[in-house]
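Colleague: Chain residues, written in single-letter form:
2 protein chains.
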Amino acid sequence: MIAHIPRLYVPVITPFAADLSVDTARFVAICRRILEDGADGLAVFGTTSEANSLSTAERMSALDALVDAGIDPARLIPGTGCCALPDTVLLTRHATRIGCKGVLMLPPFYYKPLSDDAVFASYAAVIDAVPDMGLYLYHIPQMSGVALSIPMIGRLTDAFPGTVRGLKDSSGKWDNTAEVIAAFPQIETFSASESLLPSNVAAGGAGCISASANVNVSGIMRLIRALGTQEEATALAQVSAVRAACEGLPLIPGIKAIVALRMNDPGYARTRPPLLPLTPDQKVAAERAVALCPPKENAA
Amino acid sequence: MIAHIPRLYVPVITPFAADLSVDTARFVAICRRILEDGADGLAVFGTTSEANSLSTAERMSALDALVDAGIDPARLIPGTGCCALPDTVLLTRHATRIGCKGVLMLPPFYYKPLSDDAVFASYAAVIDAVPDMGLYLYHIPQMSGVALSIPMIGRLTDAFPGTVRGLKDSSGKWDNTAEVIAAFPQIETFSASESLLPSNVAAGGAGCISASANVNVSGIMRLIRALGTQEEATALAQVSAVRAACEGLPLIPGIKAIVALRMNDPGYARTRPPLLPLTPDQKVAAERAVALCPPKENAA
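Respectively, the protein sequence lines represent chains F and X.
Residues 4 to 303, numbered by this note's numbering, are exactly what the first sequence covers, in order.
Residues 4 to 303, numbered by this note's numbering, are exactly what the second sequence covers, in order.
Don't take each hint at face value.
To be verified - Here are the in silico distance ranges between beta carbons for each label pair:
hint, chain 1, residue 1, chain 2, residue 2, range
1, F, Ile153, X, Ser118, 55 to 65 Å
2, F, Gly73, X, Gly157, 46 to 56 Å
3, X, Ala28, F, Glu39, 51 to 61 Å
To be verified - Quick look at which bits of chain F chain X covers, simulated, 3 or more residues with Cβ under 8 Å:
hint, segment
4, 54-62
5, 81-88
6, 100-112
7, 162-175
Claimed, not checked - Facing chain X, a subset of chain F residues (Cβ under 8 Å, in silico):
hint, residue
8, Lys115
9, Leu117
10, Asp119
11, Ala121
12, Ala124
13, Ser125
14, Ile130
15, Pro134
16, Met146
17, Gly148
18, Arg158
If you are wondering where the hints come from, they were derived from the structure by calculation, not from laboratory data.
The beta carbon of each residue, even a glycine, is placed where N, CA and C say it ideally should be.
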């Protein structure tokens with residue numbers, strides 16, 4: 004088993020301008036802020052990023068903007084998995100060409116249920132088209148409707164051993180994550196929730212790719228440093244409180260609202276349909292949640 | 004209540020070349036064949052068409068090819084609903100500009116569950132961008148994960164009375180279709196299955212948009228002509244037998260295989276991942292299914 008240094012990747016929100024176009028300036032600003040706060044890297048264009056609410060052109064343009072702004076592509080694992088194979092190939096080829104560490108790839112998520120053969124064939128087709136990519140599998144069956152089974156993952160790691168580099172388990176089911184880590188020690192397995200970091204790291208996992216990291220990088224990095232020390236329980240309690248506050252709201256609009264409050268810029272709060280902005284009552288709850296986040300990050 | 008003349012629209016399969024690019028020549032050929040066989044129109048780029056496995060550029064190019072080949076756009080209701088609002092707007096604007104009768108629009112289908120407010124806002128945003136479209140709502144919750152509720156449909160028909168023209172109910176739940184027809188007599192409500200045509204038409208519905216129509220246009224048109232006559236039971240038995248044969252296979256690869264046999268051209272059978280071609284055993288079943296289809300259509 005490879006010993007991993009626990010890492011935090013952040014599925015950064017995608018800010019929108021008043022006309023709901025991608026707000027590249029705010030996107031660059033929040034990405035820089037998250038890296039300055041200590042995150043290891045950015046898993047842009049995940050579920051929290053409203054990635055599937057963006058066109059492929061918007062995704063490539065926003066990714067280019069990050070690199071043009073001086074962010075090291077080796078710290079980027081953009082999401083590239085779409086319903087349509089040519090879209091997934093386009094985004095994966097682009098991310099690979101500009102030097103991204105890897106891509107975090109949903110399976111095609113319109114047709115369901117899909118057999119293991121179908122999921123394997125879908126990933127294999129993208130790998131055939133972009134053989135030099137670094138592939139991180141994205142397991143989020145409650146949203147995609149398509150689970151990545153242990154046997155299917157095993158077929159992929161057997162067939163493409165240098166290509167399959169990791170997996171993000173957003174199922175929330177720790178037993179599944181533990182099974183993936185045990186079965187595939189050669190890949191980096193991330194949990195979605197920082198609350199699972201102690202279990203993830205103790206089992207040999209790679210760390211977390213957490214939505215609530217958008218508002219709590221320094222808290223999660225403190226937890227990572229505290230793992231196995233007397234500080235662990237306190238650090239875990241802080242990140243769990245922030246996460247619970249986020250999960251008490253509609254998750255993505257809630258996180259965007261908290262980012263807006265922390266950045267002191269309401270422009271960060273905008274969402275694209277189908278996601279809706281918070282109600283007035285929910286905004287009050289978001290204001291309370293801000294108080295749980297580390298003060299260090301509050302100072303812009 | 005408006006009396007509708009029952010109509011058949013066909014969600015035409017999308018043929019692929021050996022390299023899995025869209026095979027425009029075969030697409031034009033099968034669309035022409037279906038219209039020659041008597042269908043009222045083509046609901047291209049539906050679920051059966053693997054529409055969500057195509058890029059937006061592929062969808063627009065293939066639609067243009069139909070019109071360039073002389074097919075009347077007034078007989079076309081292409082699917083245009085994507086996860087990303089700009090993609091849906093792009094496809095809807097294109098279809099509207101070239102004169103399509105309307106568009107059959109999925110709700111955005113990545114995030115789930117979605118509230119009625121979220122679904123309403125998603126459709127309203129597209130209508131705001133393309134106010135001159137003709138909107139047919141596409142209810143297929145088992146695939147999209149997003150149901151179109153009666154209250155949500157009511158809000159849309161109230162807010163956009165000239166724009167919302169119809170609905171396709173692919174839920175397979177007749178009670179839901181009956182409720183939609185009763186609540187919204189001013190729109191055209193289609194069933195997905197031709198087996199429900201007698202119920203649909205008796206209740207005031209508009210007809211069907213059926214996957215198995217890809218291989219049984221003349222049988223379904225015969226049923227439509229036979230409704231209320233002594234021939235109805237015989238015609239219904241024939242279409243139900245064909246439908247059952249299709250449903251006994253993986254539906255979309257099965258229909259493509261049957262089309263290939265009927266067109267005497269194996270090129271029609273190719274699918275794009277995540278859909279897989281039939282197994283040898285399934286191919287034998289597809290050959291048996293061809294015998295159930297009307298001989299008239301067998302003569303190319």
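Colleague: Against this structure, judge whether each hint is valid.
Modeller: Results of checking the hints against the structure:
The hinted range of 55 to 65 Å is not satisfied by Ile153(F) and Ser118(X), whose Cβ atoms lie roughly 34 Å apart. In this structure the hint that Gly73(F) and Gly157(X) lie 46 to 56 Å apart at CB holds, the actual value being about 52 Å. Between Ala28(X) and Glu39(F) the beta carbons are some 55 Å apart, a value that agrees with the proposed interval 51 to 61 Å. Counting residues of the segment 54-62 of chain F whose beta-carbon sits less than 8 Å from any beta-carbon of chain X gives 6, enough to reach three: the coverage restraint holds.
Coverage of the segment 81-88 of chain F by chain X holds [criterion: at least 3 residues with CB-CB distance below 8 Å; count 3]. Counting residues of the segment 100-112 of chain F whose C-beta lies closer than 8 Å to any C-beta of chain X gives 3; at least three are required, and the coverage claim holds. Here's how the segment 162-175 of chain F fares: 0 of its residues keep a CB closer than 8 Å to some CB of chain X, so the rule of at least three is not met and the hint is violated. Given hint, Lys115(F) at the interface with chain X, holds; its Cβ is 7 Å from that chain's nearest Cβ, closer than 8 Å.
The beta carbon of Leu117(F) is positioned within 8 Å of a beta carbon in chain X (closest approach about 5 Å), and the interface hint is therefore held. For Asp119(F), the shortest C-beta to C-beta distance to chain X is roughly 11 Å, which exceeds 8 Å, and the interface hint is violated. Annotation: interface hint on Ala121(F) holds; nearest CB of chain X at approximately 4 Å, less than 8 Å. Below 8 Å, beta-carbon pairs count as interface contacts, and Ala124(F) has one with chain X at about 5 Å; its hint therefore holds.
Contact between Ser125(F) and chain X, as hinted, is supported at the beta carbon level, the nearest pair being about 4 Å apart and thus within 8 Å. Look at Ile130(F): its Cβ only gets to about 11 Å from chain X, farther than 8 Å, so that hint breaks. At its closest, the beta carbon of Pro134(F) sits 16 Å from a beta carbon of chain X; the interface hint therefore is violated under the 8 Å criterion. Restraint check, Met146(F) versus chain X: the minimum CB separation of about 6 Å is within 8 Å; hint holds.
Given hint, Gly148(F) at the interface with chain X, holds; its Cβ is 6 Å from that chain's nearest Cβ, closer than 8 Å. The interface hint given for Arg158(F) is violated, since its Cβ lies 14 Å from the closest Cβ of chain X, which is over the 8 Å cut-off.
In this structure, the hints that do not hold are numbers 1, 7, 10, 14, 15, 18, in rising order.
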